[in-house]
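There are 2 protein chains.
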Amino acid sequence: MQDEAKMTDSTAYAYPLLIKQLLLTPFAQAQDQEIVYRGQLRMTYATLRERIGRLANGLSQLGVRHGSTVGVMDWDSHRYLECYFAVPMMGAVLQTVNVRLSPAEIAYTINHAGAEVLLVHTDFLPVVEAIKDKLETVRAFIWIDEPGSVAGAHSIPFSAEYEAMLAANSASYAFPDFDENTRATTFYTTGTTGLPKGVYFTHRQLVLHTITLMAALASPVSGQRFHRGDVYMPLTPMFHVHAWGMPYIATVLGVKQVYPGRYQPDRLARLVRDEGVTFSHCVGTILHMLLMCEEAKATDLSKWKIVIGGGALPQGLAQAAVDRGIDVFAGYGMSETCPVLSLAQLPPGAEALGADEQLRLRCKAGLPVPLVDLRVVDESMGDLAHDGKASGEIVARAPWLTQGYLNNPEASQQLWAGGYLHTQDIASIDATGNVQITDRLKDVIKSGGEWVSSLEIENLISQYEGVSEVAVIGIKDDKWGERPVALVVLEEGAAVTEEDIKQHVLSFSTSGKISKYAVPQIVKFVDEIGKTSVGKINKKSLREQFA
Amino acid sequence: MQDEAKMTDSTAYAYPLLIKQLLLTPFAQAQDQEIVYRGQLRMTYATLRERIGRLANGLSQLGVRHGSTVGVMDWDSHRYLECYFAVPMMGAVLQTVNVRLSPAEIAYTINHAGAEVLLVHTDFLPVVEAIKDKLETVRAFIWIDEPGSVAGAHSIPFSAEYEAMLAANSASYAFPDFDENTRATTFYTTGTTGLPKGVYFTHRQLVLHTITLMAALASPVSGQRFHRGDVYMPLTPMFHVHAWGMPYIATVLGVKQVYPGRYQPDRLARLVRDEGVTFSHCVGTILHMLLMCEEAKATDLSKWKIVIGGGALPQGLAQAAVDRGIDVFAGYGMSETCPVLSLAQLPPGAEALGADEQLRLRCKAGLPVPLVDLRVVDESMGDLAHDGKASGEIVARAPWLTQGYLNNPEASQQLWAGGYLHTQDIASIDATGNVQITDRLKDVIKSGGEWVSSLEIENLISQYEGVSEVAVIGIKDDKWGERPVALVVLEEGAAVTEEDIKQHVLSFSTSGKISKYAVPQIVKFVDEIGKTSVGKINKKSLREQFA
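Heads up: the sequence lines are chains A and B, in that order.
full-length UniProt numbering applies: residue 1 is where the first sequence begins, and numbers increase by one.
full-length UniProt numbering applies: residue 1 is where the second sequence begins, and numbers increase by one.
Misleading hints may appear alongside valid ones.
Chain copies aren't distinguished; within one or between two, either way the pair holds.
[To be verified] Calculated cross-link-like contacts (lysine to any residue; reagent style SDA-like; alpha-carbon spacing at most 25 Å):
id : residue 1 : residue 2
1  : K502      : F546
2  : K389      : F141
3  : K476      : A411
4  : K303      : E528
5  : K536      : E34
6  : K502      : D32
7  : K303      : P347
8  : K20       : G382
9  : K134      : A14
10 : K20       : G418
11 : K446      : Q521
12 : K303      : L353
13 : K540      : E351
14 : K513      : M165
15 : K476      : Q319
16 : K20       : D387
17 : K20       : L506
18 : K20       : A385
19 : K389      : H504
20 : K305      : E351
21 : K20       : T432
22 : K389      : Q31
23 : K479      : V127
24 : K20       : E393
Read the hints as simulated data drawn from the structure, not as lab findings.
Could you build the full structure based on these sequences and the hints that come with them?
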């Protein structure tokens, strides 16, 4: 029989999962490793350790306590990395403010999260100046005075400047133990409907996401994706789902880290070359932009591994990356899921599959990572066959999913209906466990009584010579219910006609690979395709525009 | 402010860490992957899934409930793997009985653990026959009737035979959710003093050990150590610390697994060759035995990776393995630590270090794995300098250390004195975080007022041409306190004298690399060196023998 008395959690052996433990091994094993900011500033992990202590002491003096919330408005930087650790390690909550929202939305999120201290980079002084009278909870502002940036006139009552504050404080701070279910971070989703919704994650969740994702990224048969010999640079903003948690993994691995500041394609390409970057992650549009820039054309990208998430990886884009020697592969998840649920992987013996099949595998949502219970279900939560065809909504459980939306019980209950988190993504699973997203629940096109996958049509069109970007939406049709419309951005000088595109899609319909309803009713050539604040195609706005 | 109401653990999003979750991804992604027993029996992961359900239903019928303990006496097999999952997933405790203990000790451990059901392989019928009247808690026996094994006369009242029981039961079993701090496994350490002591691990601990070790094994710069393309075979018995937790990792990875039954060197070598084994783990003596066997000499071992633990990896043995093309490296831990605390790793740029330094790095206890808080301390628990010289006891915290010894509060309190688990291993840490074990607290030799490392002398002697095995112990000396004595097994036909060995060690003393007290007083050539039940050199018994 079990001796339950021995199972209590209050004795010497108790070991809550806390973010500070992620630092144990890198600080002992990688003290001299570099962290680089914009190619201009270099520091070591030993310095990072000291600066985390100095930051905690500085925030403490400004009244930050267990349970306080600290907001950050900065570009991707070593400072942000310091906040990723120092703030939650104090027992406080880090709000990574989405700086691409409108000023009114930014004010809403800061108030809703209840941030008491706000760190502001010079570039965001105008925004904060505009909203400062609306901020209800902020008691203290800290200025991040970027060398080279010029601060215009403003009336923000700063309590401290970041570097001066660090210099004035001791590096020694005894980060306490506390309950692993303490909230560590909060940020706001950029849903296209209604007000932004706050998601939040605990220490336990972030530690489990970090270690499990580290295992999943390192162990595929097709080569290690992220290991101790890599050089890391995020290309997903650090305000967005902790840059997919990758800075935490990079730190545990003790690798060289490169933070690029504000994203400018030529600078990013230069950093990849000059700092020897080998591992990044971004949305497809950033990769597309980067491949197009002049600096990238003159750079050897063949040692670069990139995870693409935040939307589908179109095969056309994947091919362009593979052509440059990039090891590109998709990941799948969302803000609510911390974010990673699955990663594309090539199976043992992938060499024998041929280039086309390999490319298709790179573009799938891929294989759920360990501990993830990912199901594709029908409307009554019944499991669909794993035949690569039956499609339904993805629902999931995992040890790192948001417990709900902050102070929004109604939306939280909907999110967790039936004990599983509802992703609103439509997908199929095949016999090898590979997940293929076919659409967002809201973006799916119902034509002629069939579901047509907008992602599948985009995939086909993206591979047509001369096509640079494409978005497919459904518009109302009296006869068919809905019909697909393709919005296409052409490469400079490409001579492609509406009929070319239609014939291209039709050829796949004729061969039986897709439904005839998938052939776009209209192909419209446009100069650009509207994106959300995190670079996703904004289909809701496109539908309104072309209604 | 934190909304503490949202942090409770009783709602839809709650996700306790349970062993059953380790099966989520392999059962979806590796259904057709093989599990092989002795090269004779082959089954798939899909069959493993069914058999785990059948086993749980069978055990249920025999009265196994949440909190029951089930003991297993078997060689390394697919059946053992089934028990690793089915028993804890029911909420019961798996006791992996150490079959190398004496019958009286085996009876003691089964009674102490309170096993209610006992699974017994034919080979262990004589042992169980001898002790069955002493077993106080066992209510039901299950016979594992190995094809080809012959059961002699016995009077054990078996309730079932393993395969017949599985065949008679349904594959469908709804494994429940429960508290992640529920005990999952128990087994008994083979300490050389007093009665065996029980250590135990919870679901949470085994899941965290599995995922973290998986990340650590996959992410070193010097090539993936364990990944989806590997073929796994344990060479550490499955009764001993869950074969270091590796069968759990192998299953999460979804790799081909090979279980060898009873260890016979020629059969093991044949399995490596015929099944394409690429990843194993064992104590040094097993590797030594394997390299010596005829079958291994005719086998290409150059794709094999082996972790050596349960004692130091002598450089002589490591060199012999490297000469055969084996990627051999040390790991460090003990029964009380689940077991892994650290793994030897080559750093980025190791190629430039030269063969000797690489070999030394392979033999170190290496780098603590993520989440492990490993310290080397003096007698008042003060941290020693990370200078590669200062040596003291290793103490540790990690999310997977035993909470104590089962029903032994006194020993448990000693184990966890000061809030850290005391390993009784003496070590130093260098500036790169590398841990180097110099001795067991009990084995250290105090000579001429200095601490002499028995492991260091063994290391030097192991590299002398013609030496097959070596053990160094301290014997009492009126003048010096203690003096080292070396017991040496020579390779067949080697012409090595006592003076050769002494001169060899003396040369390192003359060059200042070791103390002059390290030169053995006596070198004694012996036919074999006594081992404990798990293959470690039994220094306590050697000391008694040569006192």
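A quick look at each hint next to the structure:
1. K502 x F546: The answer is within: 19 Å in one copy meets 25 Å, while 90 Å across copies does not.
2. K389 x F141: neither (53 Å within a copy, 47 Å between copies)
3. K476 x A411: Neither, since 29 Å and 75 Å both go past 25 Å.
4. K303 x E528: neither (30 Å within a copy, 52 Å between copies)
5. K536 x E34: neither (32 Å within a copy, 42 Å between copies)
6. K502 x D32: neither (57 Å within a copy, 41 Å between copies)
7. K303 x P347: Intra 21 Å, inter 19 Å, cutoff 25 Å: intra and inter.
8. K20 x G382: Close across copies (21 Å), not inside one copy (41 Å); limit 25 Å.
9. K134 x A14: For K134 and A14, neither the intra-copy (44 Å) nor the inter-copy (36 Å) Cα distance is at most 25 Å.
10. K20 x G418: between (34 Å within a copy, 20 Å between copies)
11. K446 x Q521: within (13 Å within a copy, 88 Å between copies)
12. K303 x L353: both (22 Å within a copy, 24 Å between copies)
13. K540 x E351: Classified as neither; 40 Å inside a copy, 54 Å across copies.
14. K513 x M165: neither (62 Å within a copy, 48 Å between copies)
15. K476 x Q319: Neither way: K476 and Q319 sit 33 Å apart in one copy and 73 Å across, limit 25 Å.
16. K20 x D387: between (43 Å within a copy, 24 Å between copies)
17. K20 x L506: This pair counts as neither: shortest intra-copy Cα distance 56 Å, inter-copy 47 Å.
18. K20 x A385: Answer is between; shortest inter-copy Cα gap is 22 Å, intra-copy 42 Å.
19. K389 x H504: within (23 Å within a copy, 70 Å between copies)
20. K305 x E351: Both. Shortest intra-copy (18 Å) and inter-copy (23 Å) distances satisfy the 25 Å Cα cut-off.
21. K20 x T432: between (37 Å within a copy, 20 Å between copies)
22. K389 x Q31: between (50 Å within a copy, 18 Å between copies)
23. K479 x V127: neither (48 Å within a copy, 81 Å between copies)
24. K20 x E393: Between copies only: 24 Å across chains, 36 Å inside a chain, cut-off 25 Å.
Hint compliance for this structure: hints 2, 3, 4, 5, 6, 9, 13, 14, 15, 17 and 23 are broken, all remaining hints hold.
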